[in-house]
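For the record, the sequence lines run as chains A and B.
No gaps in the numbering here: position 675 of the first sequence is 675 in UniProt numbering, and each next residue is one more.
No gaps in the numbering here: position 96 of the second sequence is 96 in UniProt numbering, and each next residue is one more.
Hints in this document: simulated from the structure, not taken from any laboratory.
Only a predicted model underlies this, so the values are computations on that prediction, with no experimental measurement involved.
Fair warning: there could be bad hints in the mix.
As the list claims (entries may be wrong) - So, partial list: chain A residues that the calculated Cβ filter (under 8 angstroms) puts toward chain B:
| hint | residue |
| --- | --- |
| 1 | G21 |
| 2 | A48 |
| 3 | C50 |
| 4 | G90 |
| 5 | L95 |
| 6 | H153 |
| 7 | G174 |
| 8 | R175 |
| 9 | G176 |
| 10 | D729 |
Cβ atoms here follow ideal geometry from the backbone N, Cα and C, with glycine treated the same way.
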Amino acid sequence: MSEDQTVTIEVDGREIQAKAGQMLIDATDAAGINIPRFCYHKKLSVSANCRMCLVEVAKVPKPLPACATPVAEGMKVQTRSPLAIAAQKGTMEFLLINHPLDCPVCDQGGECELQDVALGYGDDVSRFVEGKRVVMDKEIGPLISTDLTRCIHCTRCVRFGAEIAGVRELGATGRGEHMTIGTYIEKSVDSELSGNMIDVCPVGSLTSKPFRFRARAWELIQRDAIAPHDAVGSNLHLHVRRNEVMRVHPKENDAVNECWISDRDRFSYTALNSAERLDTPLVKTRGEWKESGWHEALTRVASGLKEAGSDLGVLASPGCTVEELHLARKLANGLGSERIETRLRQGDFRTAAGAWLGQSVTDLERCSAALLIGSNVRKEQPIFGHRLRKAALEGCDVSFINPLELEMNYAARQIVTPPAAMAGEVAAVARAAGAAGPLIDQAEVTERHQAIAERLKAAPAATLLLGNLAQAHPDYAVLLTLASALAKATGAVLGQLPAGANSVGAQLVGAVGDGLDAMLAQPAKGYLLMGVEPGYDLWDPAAANAALTQSGFVVALSGFRSESLEAVADVILPVSAFAETSGTFVNAEGTWQSFAGAVSPKGETRPAWKVLRVLGNLLDLQGFDHDSSEEVLAEARQQAEGRQLDNAPADAVTECRLVDAALTRIGDVPIYAVDALVRHAAPLQKTRDAIAAAIYINESEAAKAGLTAGMQAAVTQNGTRVILPVTIDPNIPNGCVRIPAGVAGTEQLGGQFGEVTLEKA
Amino acid sequence: MANEVCLRNNDLERPWLLEQYQSRGGYEQLKRILAGEITPAQVIDEVKAANLRGRGGAGFPTGMKWSFISREAPGQKYVVCNSDEGEPGTFKDRDILRYNPHQLIEGMIIAGYAIGATRGYNYIRGEFWEPYMRFQGAIDEAREAGLLGENILGSGFDFDLHVHLGGGAYVCGEETALLESIEGKKGQPRFKPPFPAHFGLYGRPTIINNTESLCSIPVIIEKGGKWFSEIGVANSGGSKLFSISGNINKPGVYEIPMGTPFAELLEMAGGMRDGRKCKAVIPGGSSSPVIPGEQMLDLTMDYDSIQGAGSMLGSGAVIVMDDTNCMVRVLERMSYFYYEESCGQCTPCREGTGWLYRVVSRIENGQGRPEDLELLEDVTRKIAGRTICALGDAAAMPVQGMLKHFRDEFEYHIEHKRCKVGA
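Looking at chain A on its own, in the form it has when it is part of the complex:
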């Protein structure tokens, strides 16, 4: 029978249509017929272990699990017959005999699948009079709490790890009643998607550690939002109580995030009430920071901006909303400046190209060959990583060209090469694919380049994706030029993984200019910073600091206090953070997703779009009369109308700037360092993925420099010297040292890629 063939079955006397071979529970779910279940999860494999979904099928003497029984034409099913009900109630009794009756103090209480189903299928008095099982809890990290006595052994968490996260972190050890969920050897659960285990757990066995004991489910109001940390645009549910975001859950959207979200999107809300939140305007007077009223601060800003006039530079985070960026650009334009930039971590602006995914999000999991250039997609954009993993499991041939070796959770080919040689590797693949041109013609083709090229050519759906490490590369323009030639030669779709939640939106509303050099090489008279901490959010913090320090006037719109910001700014205006403001993000595939504020702005903070609108008024600029963010959005959309992004570079650039140095820095931005909100989310900063600033170097390079693990060493980049600890990391190629960017201790360093020297401190 083919997959799309339809069969007719009868459930509880009602005829329903189902796809041949489909599991019964999928058919009944689609028809709105409820069958109780615990272990079944539509995105996970069938395990049929809970036995809750037993139903009666005509001509079968025993009750069958609906989750593991394929439908067949003419099948007659009773979900509520005496046999089925007896089986379901029997299972319920078994599940409850050892389950603690601690619902009043259980975090899952009120949203517990066991509690819900027990209401319908459980008895009010237990016949079990023996002692109940007690299981020791396990410490599995800063995000998930365990209460294993409550576990009903459905293994959803185990299957999630194996099948979705791609890391078998939790497993079931022990037999029978002694079976427990755990990590076997005590360790933490570190997957970037681990929080989803909390959602899939039907009971209160795995609960959110940051949320634990802070609210009851029935006190929470659910509001929609869009995730602010990457270009996926994951749909969120914010759970709010008394004007406070208490936790974040995924909102199901099969076209974007399915029913998953990354830990970054789930736990970053914890920063909203961190001690570093800024909630009153700050004005610097004679080198001293003073809290001030809005009126005073805005007046000061207006005069500062007026003074800067056409020599104003706007640096805005790609996580700013469409509305904010539109108004910021309008403000700059109103003052006669064209200088606005959101590509804060791009290393090369020698060519212009529209950076977007080049395809839909769901296309990613349908591709049959993929080459990622300069990307650790799994940590950069975890949901895209998951989509690619799905493709890989279906047979997609995935290759990477990267300056460091990645920890993979599926089989992939990795070409690891120093940054200066990356262009050569891409050129070699292009040459193998039959492309021609400068660099390509000189490239040395080996078997592996041949293999990648052949797979890309032969694949019915192939894609080339440039990630954050490519964008930050000093020869990004070259990489893009070569990738574009390779795409043409292979017929692959050329795509990019934009860094921020609104990187694509920023381009559509014109919040991109001539690049960071143009912005910072010559200090502007005035700067407007939006969501930017200069030490962490810019490609070259040292250069940025120099420019900002020399500038006459710097105003920052920020949600947080920040040392590096306070060092350079004159006024800091507290703006509403994620969840506190309405707005719109355009995700990597180009989908516009708007959201409303879920809670009111904290303290004295105001939504950034309102601040910009008022500044427009104070500066007597035209067209700042919006009454709502929707009006701003309408205007921005109108301007963006007809703008198409094209990943192909406008000019072919083949001159490499990054030359072989004795030691080249690889300055990746770790997953929990991408923006201020994440950096202030305490639980995320306690995870294993919260990479600290250090000198990551392989054994032989360390030996060359006379360094050993744990030692303090001095790293010098562009004349700035910083002391950092040494960590031996075999994933770093020779000639390279990984010093992550965006993390404390690297504020003074130069560009994310570049020559460095090391010496003993």
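Assemble the complex: chain A is given as a structure, and chain B must be docked to it using the hints.
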């Protein structure tokens, strides 16, 4: 008519040696098959004609199992031998591994030839160290002699065989749990369908048979399926190994024709110890319901006869108990076994076996309540037929059997807080 098939070489001095096995015509059937005298289809037909039913306990016709796999289907296929032999009371496969390993190897190669498999695994119970060493020795000898490995005897047919020593879990005797265990995973039964014939070891078509079943194959080929079938009775072909133990004089393994009266088997085993009364018999391993002694003495040892008495022939593990046994104590011990051996995967078995054990234990220890017997019966009904594998049924049936035939002892225990036996 004893020791005709699996134990037929037991009279030799060292029957596990290749040379001794070959002195009795060992590996001759394999040679005939490889020479093309017998086609794979004919092999399967003979096994079908032999009316050989799976000797591990379930009694599924072996020939039919083999015919589910097409020899022509491309890709790797496997033959797996189940020597996990964990059913309490069963110790017959141990003797095959110790005394007739080559006949098992020959049987497995023939099975591989019949279905087009080139790899075999024998999964041996973890506690069987000596049989494991013996069997491994036989493999080494066979490989050395060119009977295993590539291009066996120049025929162009490849078949190699590996031993996997289990870790001591009863549930790994369940065929799909066994496959998981070979794959290096936790031994837990798979949900079926798909059956191993379609999705077996490493997801490939696999036949998995009991040691005794596979060991019978060379004899069936030699003497013909009809010959084998006629040893037994209708619906139960051939001879069968019975592991008989308990309160008898000569416990051990006896190979006798199917349909032999139990009384005869008891006599072979030296009769009841101290001439006591045969109170009860568990006829097919601990999971088969108990049968009262008087009733058992009228039965014959074949599938239909035992089934007619409400029990199962199972693996042929006969546990004989005299009138000094307290049935509550016996059941407590058996329930403890299932409680400890449940894999924990599915709810009714994981939770139910522990519940059964605790209630029976309470009764045994004088803490029983009048309503406990009804509770026990109800819990067994909620386990049986609702689990992924048969372990749930295996745990439920002994309880049901005991309560059916020896309810008075349980009632006595509850009322008097001590055993009826000896009271």
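Enumerate the violated hints, using their earlier numbering and listing them in ascending order. Numbers 1 and 10, in rising order.
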